[in-house]
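Number of protein chains: 2
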Amino acid sequence: MTITGEMLIGASAVRGTEETFYGINPATGEQLEPAFHSGNANDVERACVLAEAAFDAYRATTPEQRAQFLESIADAIEAIGDELIQRAHAETALPLARLQGERGRTTGQLRLFARVLRDGRWQDATLDSALPERTPPRPDLRMQKIAVGPVAVFGASNFPLAFSVAGGDTASALAAGCPVVAKAHPAHPGTSELVGRAIQKAVADSGLPEGVFSLIMGVGNAIGTALVAHPAIQAVGFTGSRTGGLALMNVANTRPQPIPVYAEMSSINPVYLLPEALAARGEQIARDLIDSLVLGVGQFCTNPGLLLAIEGPALEAFRATALAALTGKPAATMLTPGIHQAFERGVTQLSDIAGLSRAACGLDATGPNQARPVFFETSAEQFIADHRMHVEVFGPSTVLVTCKDAETLLAVTRILEGQLTATVQADAGDHALAARLLPALERKVGRVLFNGFPTGVEVSFAMVHGGPFPATSDTRTTSVGASAIDRFLRPVCYQNVPADLLPQAVRDSNPLNLWRLKDGELGRA
Amino acid sequence: MTITGEMLIGASAVRGTEETFYGINPATGEQLEPAFHSGNANDVERACVLAEAAFDAYRATTPEQRAQFLESIADAIEAIGDELIQRAHAETALPLARLQGERGRTTGQLRLFARVLRDGRWQDATLDSALPERTPPRPDLRMQKIAVGPVAVFGASNFPLAFSVAGGDTASALAAGCPVVAKAHPAHPGTSELVGRAIQKAVADSGLPEGVFSLIMGVGNAIGTALVAHPAIQAVGFTGSRTGGLALMNVANTRPQPIPVYAEMSSINPVYLLPEALAARGEQIARDLIDSLVLGVGQFCTNPGLLLAIEGPALEAFRATALAALTGKPAATMLTPGIHQAFERGVTQLSDIAGLSRAACGLDATGPNQARPVFFETSAEQFIADHRMHVEVFGPSTVLVTCKDAETLLAVTRILEGQLTATVQADAGDHALAARLLPALERKVGRVLFNGFPTGVEVSFAMVHGGPFPATSDTRTTSVGASAIDRFLRPVCYQNVPADLLPQAVRDSNPLNLWRLKDGELGRA
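Chains A and B, in that order, give the protein sequences.
For what it's worth, full-length UniProt numbering labels the leading residue of the first sequence as 1, then goes sequentially.
For what it's worth, full-length UniProt numbering labels the leading residue of the second sequence as 1, then goes sequentially.
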């Protein structure tokens with residue numbers, strides 16, 4: 001497939017007229033051909049008008065039709081073949097194996113939502129029978145969920161496939177029946193174009209209206225702001241920085257009609273190292289934890305940026321092993337020069353804080369845009385007192401906070417901001433403390449995990465990739481897993497609607513064979 | 001029960017120290033004893049600190065315990081007896097029979113949420129089995145929904161019982177496991193105190209921590225602003241004006257940690273009078289519609305403030321009957337002097353619009369704060385061109401918009417703002433047009449009803465009392481019916497959490513006998 005540097009507006013390919021930019025190989029600094037060009041508000045307008053025009057026809061497709069459409073997107077992505085992996089590798093410096101895995105995750109997500117569509121519980125079909133004899137009579141009431149409208153999706157820097165043009169936001173929005181206008185992340189425009197063309201082809205092959213999908217390009221904030229401000233857009237999916245997420249929330253909240261923003265933003269993912277676990281297997285935990293810290297050059301939303309433990313000999317042993325392991329870790333190339341600069345700035349800011357000491361660093365950089373892993377440490381008292389230590393430094397940086405006792409560990413927990421994850425390393429003898437910790441963690445995070453590491457987010461039914469602010473903008477939701485579709489749905493009630501006008505999902509005969517709640521009882525009859 | 005004029009902060013009764021105010025009998029202008037006093041930010045702080053302190057213990061209660069608590073609130077409200085009805089009648093001028101019905105609805109809501117709690121589907125329990133043989137291995141993942149935290153509830157002016165201190169917002173928040181800090185509407189402080197004391201008693205009788213419920217009082221915006229801004233508060237329920245809702249949304253969005261506001265605000269509830277229905281039963285529809293318009297002096301969120309029809313003889317006959325029916329309707333006392341003034345102001349503003357004519361009025365006022373019903377009319381072209389006609393006038397006012405043809409009717413529909421309801425009067429011969437109308441209406445409203453009138457909102461499983469902005473601030477939700485509990489919940493995922501630490505809802509043995517999704521299959525095993 002040829003990468004042309006164009007945007008995809010409906011069925012058309014359109015060359016932007018604003019600033020020229022290129023994909024950059026962060027490992028070499030090399031500009032990657034072809035040139036791309038930022039779009040402008042007119043391009044946003046065209047994409048959004050097409051999305052709005054497509055919406056009613058698209059949401060009227062059957063769940064089965066949309067399931068097949070999602071599967072055809074997955075097929076079309078696979079059909080690109082190795083070119084996609086090579087281009088993503090050139091644009092991001094992410095290893096080939098990682099990108100192959102990420103492609104599998106991306107197509108797996110699309111196929112999961114096909115399954116979700118066929119299952120149909122997402123429609124939440126609910127029926128209350130009329131009670132004509134009651135005083136006052138009760139009308140016949142039926143409810144289903146429908147699509148909210150066109151959705152804006154912002155590609156993430158750190159997952160060029162799974163959280164980008166055809167990532168979880170797009171898959172779940174398309175599943176819900178919402179057209180998508182995607183904004184490519186400018187760090188991987190070629191990858192974005194390839195995937196966008198796969199979706200564009202699937203739209204055409206499926207006989208859907210062209211406005212079901214558009215892909216716009218741009219550097220800077222103007223085009224994203226115009227997209228979120230456009231009256232056709234009814235919801236926003238975003239994975240990125242806290243600054244970026246807050247800016248989009250502000251645009252969305254100050255529209256004449258405010259809309260929801262699902263922004264996954266900022267998390268330091270505390271890891272609790274409980275005493276018995278440290279005593280029994282502290283050295284193994286230390287090595288695995290450092291591996292988790294440097295995985296993907298620390299460029300995961302779930303990177304373990306905060307370690308919490310109670311002082312004592314087991315912690316000392318853990319610490320010695322961890323520092324030694326970290327010291328041997330190579331510097332590695334980050335996704336973009338900007339992300340690398342932000343990492344260096346964040347590390348410098350942490351280094352300047354009195355009371356926070358740099359205990360170890362990895363090996364020196366050997367090429368451009370390489371991050372050296374870094375390990376800081378401090379006391380609970382200093383951590384509680386200085387909020388600057390709570391801020392995410394995106395990359396392979398972590399802070400070990402030593403607590404005097406279990407009460408201090410709990411006190412630190414209570415003052416944490418919202419997080420995507422919390423990890424607990426605990427053996428049987430730690431369960432009494434873990435039982436006290438768990439209710440505190442539930443209030444702070446979207447996912448609690450035991451005896452593992454937070455990097456690695458399964459795409460499944462029970463996954464929650466979410467959490468209280470600032471981990472996300474909307475703690476009621478997840479951006480990964482089957483429940484992500486709920487973000488793009490709203491309920492509608494049908495009262496005494498004649499049988500021939502009722503939507504399929506709530507017809508008496510249950511033609512879609514849905515699980516439905518009828519007069520308060522769940523069934524499939 | 002004695003009304004003391006105090007606020008209820010946890011288990012205490014506290015006299016406010018700020019502005020003195022009274023309940024006012026709007027039918028007479030008489031001040032009702034005793035005096036009430038506005039609270040201040042210190043009172044908000046005490047109530048919120050208690051709510052926060054109660055949260056973990058309250059959310060740890062079993063669903064059965066909370067169900068019994070809700071039932072004990074219902075019992076305690078009934079135990080107040082006729083005093084509650086008499087006081088509400090004096091404070092609102094709403095008829096006794098209506099208030100008796102509203103009390104039944106209020107206690108019925110509390111008991112519905114007890115049923116919802118026992119049913120347990122609200123927990124959304126989901127289990128994905130570990131796949132240790134897979135590459136990479138899949139961990140054991142379990143998900144449940146938990147309470148978001150303390151909730152602020154604002155009492156509404158127009159439902160002193162069902163949308164106030166123990167109304168649907170409070171019932172659904174308490175069901176979810178959220179402590180509630182309620183702000184009484186200053187138009188019915190005595191009613192609010194009586195109901196608040198019933199909840200306070202139920203908290204004590206149920207052995208719950210006192211912070212599960214507080215009731216604060218105040219005139220003006222300061223205390224409500226302080227409540228929404230308080231860091232302990234995690235969500236807000238509000239039913240009232242668009243101005244009020246937008247102000248609370250702004251406070252919530254600009255907190256350091258933004259929180260969701262569920263504001264039910266503004267709706268003119270279009271009624272579509274399709275040609276066959278008008279021809280067959282236009283005069284009956286006219287009389288019933290005018291009855292719906294003046295019911296409760298038009299002080300319903302679902303009042304029919306917009307009528308849409310296609311020109312022709314059947315519409316003329318409808319119009320003649322409607323105008324005659326309206327002309328005979330008495331003026332009636334509104335809830336408060338302020339609401340009456342706003343109604344008069346709104347009617348004057350509509351009257352001043354060129355192209356909108358006042359076709360009929362009801363009988364003259366005979367006492368203070370009485371609203372004369374009023375019927376305006378205009379053409380579709382003028383309605384489309386002048387947004388001032390789209391604004392809700394809270395009270396017995398409606399606008400008939402005459403359309404040239406079906407296309408014009410659809411064109412008007414497409415430019416409407418979001419609404420709580422749309423009503424379609426349609427006979428069999430109208431179904432072809434209704435089938436075209438229905439998709440347009442789905443996008444504009446939370447509830448579509450046929451051959452009825454929008455006033456009257458059933459409390460059931462399938463009800464949606466919601467809709468796109470500005471009908472509500474959050475189109476994904478309903479403030480009435482079983483699904484209202486979803487507003488106060490968020491999902492948490494448990495990964496490889498040891499069996500003895502798992503929450504009841506997701507334990508292998510399913511001790512709560514919940515419907516659960518296990519590996520994608522719904523079941524109760």
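Each hint should be verified, as a subset may be incorrect.
Any copy will do: because identical chains look the same in the list, a pair fits if it lies in one copy or spans two.
Claimed, not checked - Taking lysine to aspartate or glutamate pairs in the EDC-like style, the calculated list, with each CA pair at most 20 Å apart, reads:
id: 1; residue 1: K201; residue 2: D82
id: 2; residue 1: K518; residue 2: D124
id: 3; residue 1: K404; residue 2: E377
id: 4; residue 1: K201; residue 2: D119
id: 5; residue 1: K518; residue 2: D119
id: 6; residue 1: K518; residue 2: D405
id: 7; residue 1: K518; residue 2: D508
id: 8; residue 1: K201; residue 2: E344
id: 9; residue 1: K404; residue 2: D291
id: 10; residue 1: K201; residue 2: D75
id: 11; residue 1: K329; residue 2: E377
id: 12; residue 1: K404; residue 2: E83
id: 13; residue 1: K518; residue 2: E276
id: 14; residue 1: K518; residue 2: E6
id: 15; residue 1: K201; residue 2: D519
id: 16; residue 1: K404; residue 2: E52
None of these hints come from the bench; they were simulated from the model.
On a predicted model such as this, the values are computed, not experimentally measured, just so you know.
Results of checking the hints against the structure:
In this assembly of identical chains, the alpha carbons of K201 and D82 lie at most 20 Å apart only when taken from the same copy (18 Å versus 69 Å across copies). Taking the closest pair of Cα atoms, K518 and D124 come within 20 Å of each other both inside a single copy (11 Å) and across two copies (18 Å). For the identical chains of this complex, K404 and E377 are intra-copy neighbours only, at 14 Å inside a copy versus 75 Å across copies, given an alpha-carbon limit of 20 Å. In this homomeric assembly, K201 and D119 never come within 20 Å of each other (Cα to Cα): the closest approach is 26 Å inside a single copy and 46 Å across copies.
Taking the shortest alpha-carbon separations for K518 and D119, both the intra-copy value of 18 Å and the inter-copy value of 13 Å come in at or below 20 Å. For a Cα distance limit of 20 Å, the shortest separation of K518 from D405 qualifies neither inside one copy, at 53 Å, nor across copies, at 39 Å. Taking the shortest alpha-carbon separations for K518 and D508, only the intra-copy value of 10 Å comes in at or below 20 Å, while the best inter-copy value is 27 Å. Taking the shortest alpha-carbon separations for K201 and E344, neither the intra-copy value of 41 Å nor the inter-copy value of 58 Å comes in at or below 20 Å.
Taking the closest pair of Cα atoms, K404 and D291 never come within 20 Å of each other, the shortest separation being 27 Å inside a single copy and 71 Å across copies. For the homomeric pair K201 and D75, the shortest alpha-carbon distance inside one copy (11 Å) is at most 20 Å, but the shortest distance between copies (62 Å) is not. Taking the shortest Cα distances, K329 and E377 sit within 20 Å of each other inside one copy (18 Å), while across copies they are farther apart (77 Å). In this homomeric assembly, K404 and E83 never come within 20 Å of each other (Cα to Cα): the closest approach is 54 Å inside a single copy and 58 Å across copies.
Taking the shortest Cα distances, K518 and E276 never come within 20 Å of each other, neither inside one copy (50 Å) nor across copies (32 Å). Taking the shortest Cα distances, K518 and E6 never come within 20 Å of each other, neither inside one copy (50 Å) nor across copies (44 Å). Within a single copy, K201 and D519 get their C-alpha atoms no closer than 44 Å, and across copies no closer than 32 Å, so neither meets the 20 Å cut-off. Taking CA atoms no more than 20 Å apart as the test, K404 paired with E52 passes in neither setting, with 58 Å inside one copy and 26 Å between copies.
When the structure is compared with the earlier hints, violations turn up for hints 4, 6, 8, 9, 12, 13, 14, 15, 16 and for no others.
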